[in-house]
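Q: Listed here are the chains, written in short residue letters.
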Amino acid sequence: MRNKPKVLVLRTAGTNCDVETAYAFETVGAVPESVHINQLIAGKKHIRDYAILALSGGFSYGDDIAAGKILANEMRFRLKDEIQKFLREGKLIIGICNGFQILVKSGLLPGNEALRQEVSLIINDSGKFEDRWVYLRNSRTHELTNPRTSGRGNIGKCVWTKDIPEVIYLPVAHGEGKFVAADEKIVERLRKNGQIVFQYCDAKGEFSGYPVNPNGSADHIAGICDETGRILGLMPHPERYREVFQHPRWTRMKTRPAEGDGLQIFRNGVEYMKNIL
Amino acid sequence: MWTIEVNEKKGIFDAVGEGIKKDILDLGISGVRDVRFIQVYFINGDLGRREITAICEELLVDPISQAYCVNPPVRSRTGARETTVEVSYNPGVMDPVEESALKGIRDMGIAKKVSLKTAKKYLLTGEFSSSQLTTITEKLLYNKLIQHIVTASAEDTRVLEGDEYQFRLVTVDLLGVSDRRLKEISVQGQLFLNLDEMRQIRDYFKGLKRNPTGCELETIAQTWSEHCWHKTFRGRIRYTELPAGKSDAGSTPKTKLINNLLKSTIMKATGELKKSWCVSVFKDNSGVIKFDDTYNVCFKVETHNHPSALEPFGGANTGIGGVIRDPLGTGMGAKPFLNTDVFCFGPPDYPFEQLPPGCLHPKRVMKGVVSGVRDYGNKMGIPTVNGAVLFHERFVGNPLVYCGTAGIMPANQSFKHPRKGDLVVVAGGRTGRDGIHGATFSSGELTHESEKVSSGAVQIGNPIQEKKIVDAVLQARDRGLYNAITDCGAGGLSSAVGEMGQELGARVDLEKVPLKYSGLSYEEIWISESQERMVMAVPPEKLAALQEIFAQENAEAVAIGEYPGTGRLELYYKGTQVCDLDMEFLHEGLPRTEKKAVFAFPRHREPEFSCPQNLTTYLLKLLSHYNVCSKEWIIRQYDHEVQGGSIIKPLTGIANDGPSDAAVVKPLLHSSRGIIVSNGINFRYGFIDPYWMSASCIDEALRQVIAVGGSLERTAILDNFCWGNPDKPDRLGGLVRAALGCYDAAKGFSVPFISGKDSMYNEFTVNNRSLSIPGTLLISAVSVLPDVSRAVSMDAKHEGDLIYVVGETADELGASLYFDAFSAVGNRVPHVSFGKARRMFDTLSTASSRGLIRAMHDCSEGGIGVSAAEMAFAGGLGMELFLSEVPYKQLYGGKWNTDEGRNDFVLFSESNSRFVVEVAKRDQKVFEKILRGIPFALAGCLSADKEFKVYGLDGKVCVRTNIDELKLAWKEPLQW
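For the record, the sequence lines run as chains A and B.
Note that my numbering has the first sequence beginning at 388, numbered continuously upward.
Note that my numbering has the second sequence beginning at 82, numbered continuously upward.
There could be a bad hint or two in this list.
Think about it this way: if two alpha-carbon atoms lie no more than 25 angstroms apart in a straight line, the pair counts; the simulated DSS-like pairs of lysine-lysine are [claimed, not checked]:
no., chain 1, residue 1, chain 2, residue 2
1, B, K809, B, K344
2, B, K225, B, K201
3, B, K184, A, K432
4, A, K572, B, K444
5, B, K1030, A, K515
6, A, K641, B, K1027
7, B, K809, B, K337
8, B, K1006, A, K641
9, B, K220, A, K515
10, B, K623, A, K572
11, B, K201, A, K515
12, B, K90, B, K103
13, A, K431, B, K184
14, B, K497, B, K356
15, B, K91, A, K515
16, B, K1002, A, K641
17, B, K337, B, K371
18, A, K515, B, K103
19, A, K515, B, K1002
20, A, K467, B, K444
21, A, K515, B, K444
22, B, K623, A, K515
23, B, K202, B, K90
24, B, K364, B, K497
25, B, K102, B, K91
26, B, K1002, B, K349
27, A, K431, B, K809
28, B, K90, A, K515
29, A, K472, A, K393
Keep in mind the hints are simulated off the structure, nothing from the lab.
Taking the hints into account, I'd like the entire structure generated from these sequences.
A: This is the structure in structure tokens:
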């Protein structure tokens, strides 16, 4: 048990990437369990019994009112104490796509004491849902490999992005993924703290407009973490690039990589918890 | 009551408003400068200002991007600067947002009784007339089937509850009425029953010495409807074939009697092929084949044409919702893992002024249908991986919307057996007034009045409700909590309970059915087609455990009766019997009528023109044809990767934008086995001969399986016929001819049908003139791929690689897109030589399984020219192609032809069973050795420059362009 961290993959009406997210965690040596939020609220299951809380993609409660809003509200009002205790114990949270929307709307990301919402993910500039692959610049590796050109020097504390290449390739599939902040100061703060984890870029790592930045996100932001680096939220789907055959151009590859770019993210979380437990 | 208005802050993109602004332009109205959207909530309850502020700021409003206003001053609806249109849901119709918002309020700790309604406001500015505003409002802003425009006296229309229902047993006087009256009863009751059927019913009740209740009559009408019973396919047909041309007038026409078209063609082929891996065919809600030793896969394709014609979003939405429940209701329930969608629309640039009254514009239909599929498929978390979109003027009144779903289940869960004493359980969504008469309505033709008369026939979808059901059903299945399951589709409970109780009989207390709102009569409860419901047979001792699972998922499962073993269908409402029918009469009592079918071989004008010197413009034109061009605008709106098993995606190639032939999906993440799905459809060939249309569609679906690296070894197909009115002999004649083609092709390829569906009466009557769709057959193939790492994509891979053309090209230009460019149909429709084609497919599949094929693309509309161009630009490589090498059989002679044949015919012929194949130079010998004995030729090669060059039969260049130009022509037309 010691070496196999338990992952709570949270589920509710409309969650739909829970199976493949659980499978990705299982692949890297965790023991995932799919748990319905009703079980947590009824006290039949407890967040404290797990090492990682994973909020997967989907349309929780139909994305009614706004994407992720109802589940974020439910977590904030009904599970706030349990979640904060879970975090105080040094455990991890990852939110993918709808999960990221939930983290942002519940105030867990970028994170403040009052769980006040500071940023949002709103409807794409294209006005529609889009499924496409995007390149992502991982700020940590970018800072480490280009300290001179990047200049800001803060590699952040994100535990989920260790040993990840500077540019990775993952699919996005969302209608509401445009990152916006209440004001520019917040983005500046995130930048200074190294909380901007992933940014949309082209194959060479350069920023550009649509469709390189698929939704019009401010500062090309695709994923952020909290100040401790233990909560990660991102719009792209790492569980959809677990193995090479999920890559849109795997039939063109001369040599096939051993695994997909997304898997290392899950592995980082699991390895981190293995060392702590 | 509190009114809360929420809108986007200044500077934040108003997606709804902007979308509508675009749609207004599509309506041909250019004066609207700006549209802004406001979401409105009405909250009732004992709440103070502080609570309302909290509800707004914590729940209803995004603090970063939105602004709100509580109890805003009433705005004049037609102000000097802007016009306000407010849209609200009709009484009884619930916006799903209401339920979620109330949950959110409860989660905040507000326990008071609160009710909530929503509305939408649109603020329009610009120059437009009041009649233009009416057009905008009616066509874009609301759907009168479920919504209404709030007028000055708004309050009364916001009532949530319908009236209380007062029970009154309704009987219909049938005994001793005239034939004329019988017809009237059928028409007035929207029963769509013919006189013979009405007489049969009258005689049955004469024997019982009583009149039927309205409910009994409805039940019979639903069960006997074309939609549920497939009277055309299962009835008797007297079929006559008339030879073509006047010179043949003397010869005797061939006539034969067909007893059951389905059993004597499609099902017959399956029976004779006896494939051991066919698990359940033509019995259950979908066809089932073996996937591996422990799992089976099932597949079903349905149509939802009539509803989509009236209300494109809702029609397509519930079309996909409905077909998802087919695998879920197959055996003991399969998990849906992929969707496929095929549409036929009128041309998107169809002139507004030619639009028949009552018809929506094709572009609006298309946008609505695509949104409907996007909404349901994406929210269900089922990847939409494959599809096709075709266009023709004859679909203007009747668009076709085919939706398919495949599911996977443990092999030992593939059959169901309801037992005597089991409870009838209805699970999932509640029952409302939506979708009344859907089954019977789709058994008649549409008219410009349909929109008004059959307004209740369109259902309303709620994908999240259905997702909850899937989640709950699969858990209950694995715990063995029921003995049978089926979906509530057309005909509602009437069909589902009636079918499940066919042997055992059923007894139902209708007042126990959970309702969305009060006011429904017992009859409405019984026939409502409210979505997202399943019916199960549950042993009484397992009910509690089943209900607990559903409650856990925030869904309901309620016992409404039992299967008593009496063989009778007995319905009660609060203790009073309202229906008592013999199941045998219900299911076997339909009088067998004989329909007349005549097929006269048409004779079309052969176009006469000489071969153009330069074929470049024609190639570009074909690539830009709506049927051929890129459907990326649609595809990207579908989540085609959810569930994490997508292997060959719909878009492929160096820039992720080339058109894949078929989809490959891994249904089990831990297994390397895959499922291939593809589709074959080309209604144009039916203009000449529906027999060869069928054969061509089957060939197309199968060659796409081969093109992605599959084999026919474990491949099955589905048929989906969309036809005109089968009571008209010429329409039915074409249908018979098509079914005969299905039999011969299935036998010839040795590929069985496992399920199918038909949709008749796709005609639109306007000014007493009936316009039929072209008879259209969709063939959907499903195939097991033992190892997904063997899959092949269509994009060219390496410069210097060899390009082969495999298969024989003949002068088969009849009904081709190339002839269409000359406004001609011609007569030489593509044929299939089944035995040869099968051998070729098997050979190619051997080559791909040995890793010898780098890329493969099938030739369909636009022939080798389009296929080679797509392969080249998808791979970002140039190509040289030599037509003189292509295996070519001349059919035309005389003044038409030169001795060598024609470049345009070779390049654009749509002969079946052909592929363009890329092979590495080092594999040339092995590849050619494997292919020995089948027609193939080394016809070109790939280059690193972007030039696309075709050399004609005379060795001179006949196409010279570059792949960027080709790609642009292909991408532009539908890139909205």
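Q: Each hint: holds or not?
A: Comparing the hints with the structure gives:
1. B:K809 <-> B:K344: 22 angstroms, holds
2. B:K225 <-> B:K201: 14 angstroms, holds
3. B:K184 <-> A:K432: The hint holds at about 21 angstroms.
4. A:K572 <-> B:K444: Roughly 44 angstroms separates the two Cα atoms, so the pair is violated.
5. B:K1030 <-> A:K515: 38 angstroms, violated
6. A:K641 <-> B:K1027: The hint holds at about 21 angstroms.
7. B:K809 <-> B:K337: It holds: about 17 angstroms lies between the C-alpha atoms, which stays within 25 angstroms.
8. B:K1006 <-> A:K641: 22 angstroms, holds
9. B:K220 <-> A:K515: 20 angstroms, holds
10. B:K623 <-> A:K572: Cα-Cα ~59 angstroms, so violated.
11. B:K201 <-> A:K515: Cα-Cα ~19 angstroms, so holds.
12. B:K90 <-> B:K103: The given pair, whose Cα atoms are some 21 angstroms apart, holds under the 25 angstroms limit.
13. A:K431 <-> B:K184: Given that 25 angstroms is the threshold and the Cα spacing comes to 21 angstroms, the pair holds.
14. B:K497 <-> B:K356: 22 angstroms, holds
15. B:K91 <-> A:K515: 20 angstroms, holds
16. B:K1002 <-> A:K641: Holds - the C-alpha atoms of K641 (chain A) and K1002 (chain B) are around 16 angstroms apart, at most 25 angstroms.
17. B:K337 <-> B:K371: 37 angstroms, violated
18. A:K515 <-> B:K103: 13 angstroms, holds
19. A:K515 <-> B:K1002: Violated, at roughly 44 angstroms.
20. A:K467 <-> B:K444: 48 angstroms, violated
21. A:K515 <-> B:K444: 17 angstroms, holds
22. B:K623 <-> A:K515: 45 angstroms, violated
23. B:K202 <-> B:K90: Holds - the C-alpha atoms of K90 (chain B) and K202 (chain B) are around 16 angstroms apart, at most 25 angstroms.
24. B:K364 <-> B:K497: Satisfied, since the Cα-Cα distance of roughly 11 angstroms is no more than 25 angstroms.
25. B:K102 <-> B:K91: Roughly 17 angstroms between the alpha carbons, so the hint for K102 (chain B) and K91 (chain B) holds.
26. B:K1002 <-> B:K349: 45 angstroms, violated
27. A:K431 <-> B:K809: Violated: K431 (chain A) and K809 (chain B) sit about 63 angstroms apart, past 25 angstroms.
28. B:K90 <-> A:K515: 19 angstroms, holds
29. A:K472 <-> A:K393: 17 angstroms, holds
Checked against the numbered hints given earlier, this structure breaks hints 4, 5, 10, 17, 19, 20, 22, 26 and 27; the rest are met.
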